[in-house]
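Line by line, the protein sequences are chains L and R.
My numbering puts the first residue of the first sequence at 1, with every later residue one more than the last.
My numbering puts the first residue of the second sequence at 1, with every later residue one more than the last.
You can take every hint at face value.
Covered stretches of chain L (chain R as the covering partner; in silico rule of three or more C-beta atoms under 8 Å from a C-beta of chain R):
1) 44–52
2) 60–72
3) 101–109
Honestly, the hints are just simulated from the structure, not real lab data.
On a predicted model such as this, the values are computed, not experimentally measured, just so you know.
For every residue, glycine included, the Cβ atom is placed at its ideal position computed from N, Cα and C.
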Amino acid sequence: MNMAQVMDMDGIDINSDDDQYLTFILAGEEYGVDILRVQEIKGWDQVTQIPNTPDYVKGVINLRGTIVPIIDLRERFSLESIPYGATTVVIVLRVESDTGSRIMGIVVDAVSEVYNIAEVDLKAAPDFGQAISTDFVHGLSTVDEKMVIVLDIDHLLNSSVLSSLDKNIE
Amino acid sequence: MGIDISQFLDTFYEESFEGLDTMETELLALNPGAADSESINTIFRAAHSIKGGSGTFGLNAVADFTHVLETLLDEMRDGKRDVTQQAVDLMLSSVDVLREMLSALRESADLDSERITTVHDQLEAMLKGGDDGKAAETAPTDEAVDGVEQGGNSKWTVVFKPFNGLYRTGNDPVRIIRELDDLCSIVSEIDLSTLPEFDLLDPEECHLSWTIHLDGDITEAQIKDVFAWVEDDCELTVEKVSSPHADVENDSDASAAVVAASEETIDAAKETETPAATAPAVKKTPAAKKAAAGESGSIRVGIDKVDALINMVGELVITQSMLNQLGEEFTMDRVQRLQEGLVELEQHTRELQENVMRIRMLPISFSFNRFPRLVHDLSSKLNKKIELKVSGEQTELDKTVMEKIGDPLVHLVRNSLDHGIESPEERVKQGKPETGVLSLNAYHQGGNIVIEITDDGAGLNAEKILKKALEKGIVKEGDNLPPEKIYDLIFQPGFSTAEQVSDVSGRGVGMDVVRRNVKDLGGAVEVISEPGVGSTFTIRLPLTLAILDGQLVRVGDETYVVPLISIIESLQINMDNVNSIAGGAELYKLRNDYLPIIRLHELFCVETENHELSGGLLMVVEGDGHQAGIFVDDLLGQQQVVIKSLESNFKKVEGLSGATILGDGTVALILDIPGLVSLSRHRGDASASTQAAVA
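Assemble the whole structure, with the sequences as input and the hints as a guide.
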């Protein structure tokens, strides 16, 4: 059993101090999320729109009998939207909040890699002042000379964040 | 190897609450003076199992309390004591106390020990005899005998001959004798005469018998009680020993009687406190019930329902393997066979679904059962004579619906008792029978359950309601409302016409809460009333919260589900009937009403090629008492849909009550009609105010 696991994990450096992050590409930048929160990765499929919600809430899908909301991360970050293509994927994540856990999907340009990043290697995002909110950035890390932005998805996809934005729209 | 009995604790609580309910029902049905021995037996059995169970789980407070109650019941069962109204009332309050104790223990909350002691003492007092003059008069000899039995020391000889198979029933004579030892001093003689030769001895059989001499302050009932579990597995004789010290004993009895008498006076003094103690308790009970209703808990399911399910799953598996086989070696000439198989599969799936739903269904009697008590308590409190008639209590509905409908029902019943039914004098004056009738009725109608609460009281006073409504500014002077509309006003928030705020009702938070609760369940409540004849409140509820009868509608490319219960009619739009006010709000003239038109595509920002009213359909819906017309592109079909929550993974969206998954796997949103109506009104207000601001 243990052997098999080790075999499966072959190629990935197993180090207990490191957390594994799944990274994805969004407008040229690489973002990472805690891999343990990733439920599955699936291709973009038609959604059912939810009326009177922010634009970045694309709608809901049926994930084996559960209604899962889908959020377009480009629009959430106010990036220019691009048409969904062959590499566009939905990463289904488990989001923890005070009221319990919920399942949500995010639409990203493409999935990239799985990296091992030690907690100590994460640097706090610099303070940009009022200009840019960095609340949802858990930290920055450098992998192979590239910057990886590790997201705090609990904060990013928090329901109160969703509804407060909602109020702004109203 | 100890068994962890705590796992059975929940079951014990559940069974005890059931037992208490049974006791309550039977107590209410008891006719003082002419009690049915079968009912007393039922009550006794319930009390006995609670006592046994609580003893096993070490809940000694409950066990001790029940023991006294049980002793009292036992005397009634043996005909040694008359069933008086006083005794019944005392037992009812004991049931309350027990219920509180058990729920407090279950939630590890504090016990109201003062109240427990009060009722406990009252029970003890009643047991001791003379707190009840009538009983003493009617059965003086019995009382006297009781007095002797309970008063002083008495000697008993118990001959206990267990049958051979005693051990197989899980009983152990050692335990029984030890229990006797706890009660009083014992001298036990063992009889080894039936013990076989050693080589013939079967160690699993009991060959011994005992003669036990008891000496102490105990009664026959107490002794019998110890042997209650083995009654059927032994020969048992309990004899009182007439000792040469009889005279002395009688003397001591006399002194004991004096002690008892003095205790009585203390008890009597305590009793005067009781009304105060019981009054808040009456209020406490519904609250406790509410807490219990909030728990998800477990359901008891009849074995027949489970068997039916297993059968059905069996069928399903057979069909599935048949289809599987068919699929493995499929040729076109077997299409017919495949279609038959699919039809079968559909049928089995539907049956399975229906049966699974049926598991959650409970007869409404679970909810109705609390009303005899409520009516009993309230009618004596209000000095009214009220007869409760219950029918259709076998009507089944979903457990969650039932839990949530309990409180609104209680409220309506209280309301009918308090405001509806007049005092006996008033009734006689009106030429009506002195006793008012409150009837509860439940039946199925279509996919709904209908609950009716009817009283033959004064009916609603339209004038008074209208006056109050004017005062509160709910209606305007000069509004000419038909009677139904006036009666409907009582469901408005903050509306109560009770001249005096009473303990029973009249805080003005009532009817609107009832309506809201019923609405939350997807139902409706309405009232019909006739002055002097009475009122009927009708609650209409869906049978289950999990499935909804829906109408699918199309707007643009989107499909929405409209609950069938909110739809009044759907019609082709006749442009002659469309009017618009100041270019903004659109109205549709339907017969004599003007309905606001809600354009769903505008409200939901859905793209559609169809913007002209003339090309679409108007679906007339009712929500929150307001009618409106929803403009949709097309009606698709009706089907039952399984309601899925949007909130669990997302959040509540105004105008939507949930989502469902259609046959093709896509998600369709379920419209929340009352929410939609208010959403469109807010929109209207907002646009109107911006217009005003611009002007």
